[in-house]
Amino acid sequence: MTVTQLEIQLVALVVAVACALPGVFLVLRRMAMMSDAISHTVLLGIVIGFFLTRSLDSPLLVLGAAAMGVLTVSLVELLNRTGLVKEDAAIGLVFPALFSIAVILISRFARGVHLDVDAVLLGELAFAPFDRITFLGVDMPKSLAVMGGILVINIVFIVLFYKELKLSTFDAGLAAAFGFSPALIHYGLMTLVSITAVGAFDAVGSILVVALMVTPAATAYLLTDDLRRMLLLSALIGGLSAVGGYWLARTLDANIAGSIATVTGLVFLAVLLFAPSRGLVAIASRRRRQRWEFAQAMLLIHLLHHESKPEATLENRTDHLLEHIRWSPSFAEQVIRYGERHGTLRRRAGTLLLTDSGRTLARSSMIE
Amino acid sequence: MTLFDLLQSIFTDYTIRTVALGTLTLGVVSGALGTFAVLRKQALMGDAMSHAALPGVVLAFMLTGQKSPAVLTLGAALAGLAGVLLIVVITRYTRVKQDSSLGIILSVFFGFGLMLLTFLQRNPDARQAGLNSFLFGQAATLLTRDVVVMALFGGAALLLMLLFWKEFKLLSFDRDYGASLGFPMQYLELLITSLLVVAIAIGLQAVGVVLMSAMVVAPAAAARQWTNRLGIMVVLAALFGAMAGVGGTLLSSMGAGLSTGPVIVLAVSVITTASLLFAPSRGLVWRWVQQQRNRRRLRTDQVLGNLYTLAGQHDDLDHPHTEEALRIMGEGARGVSASLAALAERGLVRRVDATRWALTPAGVTVAREKFDTGDAASTGDGAAGGNAGTHTEAVQP
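Same order as they appear, the protein sequences are chains A and B.
Going by this note's numbering, the final residue of the first sequence carries number 368, and the count climbs one at a time with no gaps.
Going by this note's numbering, the final residue of the second sequence carries number 765, and the count climbs one at a time with no gaps.
Check the hints yourself; a few may be wrong.
Each pair of labels, with its calculated beta carbon distance range [to be verified]:
{"#": "1", "chain 1": "A", "residue 1": "Ala177", "chain 2": "B", "residue 2": "Val657", "range": "34 to 44 Å"}
{"#": "2", "chain 1": "A", "residue 1": "Arg30", "chain 2": "B", "residue 2": "Val657", "range": "28 to 38 Å"}
{"#": "3", "chain 1": "B", "residue 1": "Arg463", "chain 2": "A", "residue 2": "Arg341", "range": "32 to 42 Å"}
{"#": "4", "chain 1": "A", "residue 1": "Ala126", "chain 2": "B", "residue 2": "Gln658", "range": "51 to 61 Å"}
{"#": "5", "chain 1": "A", "residue 1": "Phe170", "chain 2": "B", "residue 2": "Gly433", "range": "51 to 61 Å"}
Honestly, the hints are just simulated from the structure, not real lab data.
Note that CB positions come from ideal geometry on N, CA and C, so glycine has one too.
Excised from the complex, chain B in its bound form:
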């Protein structure tokens, strides 16, 4: 199947179109809302919520006897919310820290759900209840009505996010300031958490409990690398989520035995890895290049300074010196030739003969500017400082 056929199948193949629409919705909603979770350092909350949702799904089925997606999603959301509230209570009122309370709620709720599920499965009606798909996700079984439910719940969550945009921004960046302005920060926290729960509940059927947490964390973490602005970050995260959702769906439709959930998670992981490596100004590759450039500049400056110092011991400032002398003077002997070549290109030094170099008049001027205005050691400051600051800046509201 060629790439073109694959893309075309979105429009021609009914099943793939339905599934792709579902994973697209999921990616957009969890990407956008995950942004706030990641910024509020609650990335793993999504993991806990998705596990905690399981008993809700089972109980919703047990109580109503229905397996309609709306009922199950609602049950998932309620249980997820209950789990989060318990985490908050445990963390706030006891000495148990957040990581432990996350672990407890995640595993105990999930275990409880599992117990209920296996208890339920003794009843033959429940076997085909489709509850299993909530465990690992079966995107391939998404029906139009599932997608409609996902879109309705997800759309409502996104709408609320936009309505309370300003408040959520305040909550994410300066909670105390918001409280001092009189905003009910606790209720806003509850609201944004509930929205995240909704995002997770609609994703469970597609990618499953275990992998849902990645859909909350990864798009937001990727988006964070590209921008310092919240609005752009939310849009980018939604975009990355959507790309992973649709891309993962298409890829998994190609190969036999590829379940959609893990492929989507791999797709979003690839996007995140690429962002971590290549995003301008924050990315690791970018930072490495910047570092090399700074190092080269420092080395070149050092060679110029050394040549200037050596020349200062003679009457004429254009007194030539050997490359060997410069190499001995420089702490790092490496790169002296390259530095001299770079300086020569800028017209600051000239080659006198095979081994010796001298400052040009322009070189003397530059060196005097750089090194006579105080301590010669201060030359590197600008470069080193610029490097250290690149990854510590905060997101701008």
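Bound conformation, chain A alone:
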């Protein structure tokens, strides 16, 4: 592995972790699509900042972009508050408009400048190591320094305001009652998302910003109920996807950002299918098990009901079940086999008999 390769992976890793942390709160607050909006509109902030400073390296650009992100959120909320459009429509109205203005400004007034719409949307991580600065005496890719700084800001914000973030995310009313301003936390978080989006989309493009903010967080959400663990998992999944995506891109000789997004999606898919207790496979097998357990309990209760009564030999015959519980013969046979396998009933000469454990199970099923 060359130094360049290592540096690209390092940048990807830092970007992924920096995005995955605020992403957790976006997912929990049901504002995931805000990342889509913000990651597009920061372009307008950068363009305006560029017109003001005539430079693409000025820190004002980041400020302008972050301000534009917050402005986007405010505009969406303003539009919501009028009651004239629903929330998702408000997002869908605001960001394409601002993004279009940015694209028009670039194509009209900033031709030839390194402000390429393709690069903004798609990003090209492969070029990250060529734009270098010296930071603290160490020569490193500029995006690594920038994203490292943003990652630190994100971690500090989340650690400092962990309690406030947690409370206002899960119970905004209670947070307000305790005197934490949910609005302040909200805009703080949105500023964080904006800054992260600006830094990240320079390196990886705006669509990957969405992929890295939402997908690892949602994956973590399927795996845990604990906020701390969710933050850690989200960062871990984001980081792994970044490195995995890099190698996928290398293998295919394809765009790195796109490959990273693909890997986050694959990880999500795997977790979606196989997550313990919340995965689709787990849900399906639980449903199937419950179906058999329920059928067995029903049969056992039926047997218990007629057991040691005169009609037992008649009622508890296998073929009688068909008309009494209205099961099809094959289903009844399967349920009986299920019971036999679990030692809850026995067959003797066409009659079904409860075992001791079957009797206990039937009793407890009735009481519960």
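With the hints as your guide, set chain B onto chain A.
Chain B alone, transformed into the frame defined by chain A:
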């Protein structure tokens, strides 16, 4: 170039005519079908679909080796539909909410498409495949055959919309009622979603993935402000979409370096902003004017009531009082002179001398009607209630 030349160019300039026809089709189809998406609170579904369509376009090209618009559009539509179905599955069967599943599908599908696209571009044949135009849209490169494909797909989608009009209306306004009537609501949802996917797929080449979502949301959101009836809303949305499409095409043909997609989106945003501000009865300006009028009426009523109360403390009801006294009595000291002037105009009060005012006999009658039938505080109810209700009413089927 004058406005007239510009309009004339639609008929004389072959390229502009082709492009304008294409964007017109796109505007009509996405406006009409977007109405249902917006009403069903799925405005951002269009955004997700248009991004999710990218891998479909690339895969269609990879599998068939063709770049004919019909094949690419079909690929886009299939991938978009797959994306939507995944969103539905994720939202329905897991704890992940709709916004997150939209974000995941949008970004992952798009990223996957991008990966395929860059993978494909190593192959020199693919460089000129015109696939890039699906990213940002290149309306200027629309050819007649593209427009024909757009019109065919779009026309079919609109026809189906009309055929299932009643069912879609039911779906948008009262899904449960429709289900209880025995309509297969799930299949209808799938159908209307597929139609929207078609609308998006035909628009991708013109305005691109990123801006297509605006063409779904904005015309419908604008149309919603003007009417409470579904039929009118669909027609208006189609009209707004068409206006934005043609207007954006013409505007962008004027200036060098103006790409058509963003200009169309700006045009539709202007229409929407104007609608949000000026639409009668819902628009913000309209509501503000209404509010001011209500406030003025309340203030005038209050001044009349105060004068009546003051006069009641004397033997004669036309006992004059100073403007200053009324100002002190009123909670808001503002506007007392204006209110008195308004009342005088209606003949309810008269000016006695430079500072004092008194009720006229007509004023006494009106004041008695208004304030003696119970609590004087209730006078404002009608005005305040009327104001609060203006923007909460639902669309009428």
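Tested hints:
1. Ala177(A) with Val657(B): 34 to 44 Å: holds, 38 Å
2. Arg30(A) with Val657(B): 28 to 38 Å: At 35 Å between Cβs, range holds.
3. Arg463(B) with Arg341(A): 32 to 42 Å: holds, 33 Å
4. Ala126(A) with Gln658(B): 51 to 61 Å: holds, 58 Å
5. Phe170(A) with Gly433(B): 51 to 61 Å: Once the Cβ atoms are compared, 53 Å apart, the range 51 to 61 Å for Gly433(B) and Phe170(A) holds.
In this structure, every one of the numbered hints holds.
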